[in-house]
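Novice: Please take these sequences and the hints and turn them into a complete structure.
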Amino acid sequence: SQQGEEDPQALSIQEGENATMNCSYKTSINNLQWYRQNSGRGLVHLILIRSNEREKHSGRLRVTLDTSKKSSSLLITASRAADTASYFCATDDSGGYQKVTFGIGTKLQVIP
Amino acid sequence: GAGVSQSPRYKVAKRGQDVALRCDPISGHVSLFWYQQALGQGPEFLTYFQNEAQLDKSGLPSDRFFAERPEGSVSTLKIQRTQQEDSAVYLCASWRIPGELFFGEGSRLTVL
Numbered sequence: 001s002q003q004g005e006e007d008p009q010a011l012s013i014q015e016g017e018n019a020t021m022n023c024s025y026k027t028s029i030n031n032l033q034w035y036r037q038n039s040g041r042g043l044v045h046l047i048l049i050r051s052n053e054r055e056k057h058s059g060r061l062r063v064t065l066d067t068s069k070k071s072s073s074l075l076i077t078a079s080r081a082a083d084t085a086s087y088f089c090a091t092d093d094s095g096g097y098q099k100v101t102f103g104i105g106t107k108l109q110v111i112p
Numbered sequence: 113g114a115g116v117s118q119s120p121r122y123k124v125a126k127r128g129q130d131v132a133l134r135c136d137p138i139s140g141h142v143s144l145f146w147y148q149q150a151l152g153q154g155p156e157f158l159t160y161f162q163n164e165a166q167l168d169k170s171g172l173p174s175d176r177f178f179a180e181r182p183e184g185s186v187s188t189l190k191i192q193r194t195q196q197e198d199s200a201v202y203l204c205a206s207w208r209i210p211g212e213l214f215f216g217e218g219s220r221l222t223v224l
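Just so you know, the sequences run in chain order Y and Z. Each residue of the first sequence is one higher than the last, beginning at 1 in the working numbering. Each residue of the second sequence is one higher than the last, beginning at 113 in the working numbering.
Any given hint could turn out to be false.
Stretches of chain Y that chain Z covers, calculated by requiring three or more beta carbons in the stretch to come under 8 angstroms of a beta carbon on chain Z [to be verified]: (1) 42 to 54; (2) 64 to 77; (3) 84 to 93.
Derived lysine-lysine pairs resembling BS3-like cross-links, with alpha carbons at most 25 angstroms apart [unchecked claim]: (4) Y/K56 with Y/K26; (5) Y/K99 with Z/K126; (6) Y/K69 with Y/K56; (7) Y/K99 with Y/K69; (8) Y/K99 with Y/K56; (9) Y/K70 with Y/K26; (10) Y/K26 with Z/K126; (11) Y/K26 with Z/K190.
No lab work stands behind these hints: they were computed from the structure. A quick note: this is a predicted structure, and the numbers were derived from the prediction, not measured. Note that CB positions come from ideal geometry on N, CA and C, so glycine has one too.
Specialist: Pasting the structure below:
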């Protein structure tokens, strides 16, 4: 079963615009991560935010985490056509061995 | 190797045939995950290894699915008597310490 749920499931924007994707999850977590997947390829790690952090930046990426609402958002600023991909949030359980489960993803299309 | 390697990249099987999918994780990565990804969906957890020990196989969909990692490095996911609903991409991922997962390119299985 999927732990997270991304919103929206699909997003189409013009190059240069910002893209915001949201993720909600169900259980207590240690970390939340965002991954990107180009069509037909494996997933690539983008950014990790720990449960005691509220915001993190990496280049054009900004991630926020609200553990009280069990939600996170990924903002991609000044989008490029090359950002076209599917984006997934992933959480690891705070109990046990930190099993990582993924959401259903947001499919982002950036139109040149 | 430099990254996680999976083989074969593509496999077409006739219904009822057995298949074996191989994953060669990054050297030194203790933990290894298998995921199943249906078209347009997020990766669904199948099973987890720490070294040669299979600590969680709760995601394996049926007893036709079997995974092993006998020497704590290469892992094989075996599917017996394949069914059409087994058609998916099978992703392998590994990490040295909990955090960023490194994914292979996946093995796309099509069952006719």
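Novice: Could you run down the list of hints and mark each one as holding or not?
Specialist: Results for each hint:
1. For the stretch 42 to 54 of chain Y, the stated coverage by chain Z is satisfied: 5 residues place a CB nearer than 8 angstroms to a CB of that chain, which reaches the threshold of 3.
2. Check result for the stretch 64 to 77 of chain Y against chain Z: violated, 0 residues qualifying (beta carbon to beta carbon below 8 angstroms, three or more required).
3. Counting residues of the stretch 84 to 93 of chain Y whose beta carbon lies closer than 8 angstroms to any beta carbon of chain Z gives 3, which meets the minimum of three for the stated coverage.
4. Between the alpha carbons of Y/K56 and Y/K26 the distance comes to roughly 21 angstroms, so the proposed pair stays at or under 25 angstroms and holds.
5. Distance restraint check for Y/K99 and Z/K126: the Cα-Cα separation of roughly 33 angstroms exceeds the 25 angstroms cut-off, and the hinted pair is therefore not satisfied.
6. Between Y/K69 and Y/K56, the direct Cα distance comes to roughly 17 angstroms. Compliance with the 25 angstroms bound is thereby established for this hinted pair.
7. Distance hint between Y/K99 and Y/K69 is fulfilled; the C-alpha atoms sit about 21 angstroms from each other, no more than 25 angstroms.
8. At roughly 22 angstroms between alpha-carbon atoms, Y/K99 and Y/K56 fall within 25 angstroms of each other, so this suggested pair holds.
9. Note on Y/K70 and Y/K26: the hinted pairing holds, with a Cα-Cα distance of about 7 angstroms set against a maximum of 25 angstroms.
10. Note on Y/K26 and Z/K126: the hinted pairing is violated, with a Cα-Cα distance of about 39 angstroms set against a maximum of 25 angstroms.
11. The straight-line distance between the Cα atoms of Y/K26 and Z/K190 is roughly 31 angstroms, outside the 25 angstroms bound, and the hint therefore fails.
Of the numbered hints given earlier, the model fails hints 2, 5, 10, 11; all others are met.
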